[in-house]
Amino acid sequence: MALHAARRDPRAHWLLLLLGLAVLLAALSLNALVTGVAGGSGPSATGTLPAPRQVTAGGPVLRLDQAKPLVRSVPDRTVALTFDDGPDPRWTPQVLDVLRRHRAHATFFLVGARVNEHPELARRILAEGHEIGSHSFTHADLSASSTWRTDLELSLTRKAIASATGREVTLLRPPFTSTTRSLTGRQYDVLRAAAGSGHVAVLADRDTKDWQRPGAPAIVRAATPPSGRGAVVLMHDGGGDRSQTVAALDQLLPRLTKAGYRFTTVSEAVAAPGSTVSAGLTTTLSGAALRWAQAGAEWLAAAMNALLGVALALGLARLAVQVACAQLHVRRVRRPRHHGAAVGAPVSVIVPAYNEAANIAATVRSLVASAYPALEVIVVDDGSSDGTADIVARLRLPGVRVIRQANAGKPAALNTGIRAARAGLLVLVDGDTVFQPDTIHQLVQGFADPRVGAISGNTKVANRRRLLGRWQHLEYVIGFNLDRRMYDVLRCMPTIPGAIGAFRRDVLLDVGGVPSDTLAEDTDLTMKVLRAGWRVTYEERAIAWTEAPSSLRQLWRQRYRWCYGTLQAMWKHRHSLREAGGGGKLGRRGLPYLTLFQIVLPLTAPAVDVFALYGLIFMPWSKLVLAWLGLLLLQGCTAAYALRLDRERFGPLWTLPLQQLVYRQVMYLVVVQSVVTAVIGNRLRWQRMVRTGEAAALVRG
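This note's numbering runs 532 ahead of the 1-based position in the sequence shown.
In case anyone wonders, no lab produced these hints; they're calculated from the structure.
From a predicted model like this one, the values you see are computed outputs, not experimental measurements.
Any given hint could turn out to be false.
For each label pair, taking beta carbons as the anchor points, the in silico distance ranges come out as [stated by the list, open to error]:
#1 Ile1212 to Gly919: 33 to 41 Å
#2 Val842 to Ala554: 18 to 26 Å
#3 Val1211 to Asp981: 39 to 47 Å
#4 Arg933 to Leu848: 49 to 57 Å
#5 Thr711 to Asp597: 16 to 24 Å
#6 Ser810 to Trp1153: 41 to 49 Å
#7 His545 to Arg1073: 41 to 49 Å
#8 Leu848 to Leu1084: 13 to 21 Å
Think of the CB as a built atom: it goes at the ideal place given N, C-alpha and C, for glycine as much as any other residue.
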């Protein structure tokens, strides 16, 4: 109703939000790939046909960049120890220490993601005279990967090593390969394709299978070449517990050295030139960017896990406080009232109305039918163009007055009614709300306590036959009324809904009437009453039926106004943080609660949904489904408890899973839009909901 100058709603942030969520998903995916790195040299997932015989019957060093494969073997009494799956911060230093102690050199095939995590180990390997090669970026089975994935794995590994060491590698050992005899046709094709980018393949003569942890003696036997022959020996310095490998290495080196063996790198063993070349500036910078991206992805994943943990802890804490306060509230309000005269002071009901033709007759009739002895109804028509005032006038109901004014907004209409009211107790009602016969009586009984300045009633959704109505019904019962019980106990009620609220007239006059400088005039007014030192309570038995939005578009417009107005009111009353009394309770209890659960957590919800999508892609579905069902069960129990408190049926509970997939997203996107609008300084105009008359059907029925 209120008329405000407004610029067009901001929209650019939606593109930024989508871009940010896409970046978050990409970062989480990167982290999942690099943290899911396994180890070992088990059988490949694909490929049963063997590679060409000239390869499988030859040596382990393969140059495949020409039409005819060039195969090289290690000479007798020479062992080229090779270590896969590192660098590992625990085991690689131990392996290096053993090699240094025995003055042996080896070749390390590094996983690119682990190089990014421990670049200092890659530098140490080179500094101590060892050789390095590529073992892919994520320990992927390249024979089961697409061509683009294979190319990416090799390219990223070269960049990671270049950034850490300043050198580019040419040696390659794909994960899940071991000896040439076991090389499959598909693995051979991968090696030939890699040769096109300058890679030389290195397999093994002897696979120790140390990743199976068979014991140090078994590893030593598997690594020992027969009859003085030379060999490329496959071992591991990462990907798992390598204590047996370290122990076996400490036994193998002196034993074979005593037998006349020398231990050297692969390139030196086959009399080839050095396998690394100086890295270009572009490759080095790309590798540095990759390392920072990986570190950032790890930080984001840790932050998301922490956020989920905090959100879950806060949710459980909130539920515990809500349930505890609800129990206290129920015991207090449902105990037999003290013997004494019931509150029967005259009451003026003020109904601000703007184009409420669909429901106004039912609203007024329900008020007149109230079982309350002294009642007047004041309908303030705020310049309606649909004949709202005429409808009320034609009813000719006793005790009903119609005041007409030019359109000035809901707060102005309420203030007009407050000035015209004759009674000392006022009930403010929306023009689409229907009361039960005992609603007003129940609502005003709290005024028997002279400290109470205002009372909130229990708002219920009238049009709950459709799915959207059921969702809002659950939200009203769980989110609104359960919270109001808690606010009542903690004495920090931030909002008396416009649909039903009772006030002392003197209180409203003292606080300057209904404010018009925010779009949540009900919240603003309630906060003013609290800061004036009055108590604000909740009466569950005072039931009002209101018409909720019947389409997502109308719901968006309503909640956008509510959320934006609440932000305005919270900012307006921020100084209550430093106050004593009721204002201090609002500032130190109510405002932090609203900030945390109605602003901060909803703003993080899009990221949580992206994390859920990430879980669908990378986590076991059974684990994800169990987690989701657990949260749904917790929410279902909360909803059932709230419905039981409100004496409602449990039927709508079946809509909870669907509510999580649609309604929840609309609610947090509303918060995003509202916060952006508030931050950039836009002024949101009043957006009125189109009424359908479903609240009126309660009376007609």
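Check the following: the C-beta atoms of Arg933 and Leu848 are separated by a distance inside 49 to 57 Å.
51 Å, holds
If I claimed the Cβ atoms of Thr711 and Asp597 lie 16 to 24 Å apart, would that claim hold in this structure?
Given range 16 to 24 Å: holds, Cβ gap about 22 Å.
Holds or violated: 41 to 49 Å for the Cβ distance of Ser810 and Trp1153?
47 Å, holds
I want to verify a distance hint. Is the separation of the beta carbons of Val1211 and Asp981 within 39 to 47 Å?
Because 41 Å falls inside the window, the suggested range holds.
Do the beta carbons of Ile1212 and Gly919 sit within 33 to 41 Å of each other?
39 Å, holds
Indicate whether the distance between the beta carbons of Val842 and Ala554 respects the range 18 to 26 Å.
24 Å, holds
Regarding Leu848 and Leu1084, is the given constraint of 13 to 21 Å on their beta-carbon distance met?
Given about 30 Å between the Cβ atoms, the range is violated.
Against the range 41 to 49 Å, how does the distance between the Cβ atoms of His545 and Arg1073 compare: consistent or not?
43 Å, holds
Hint compliance for this structure: hint 8 alone is broken.
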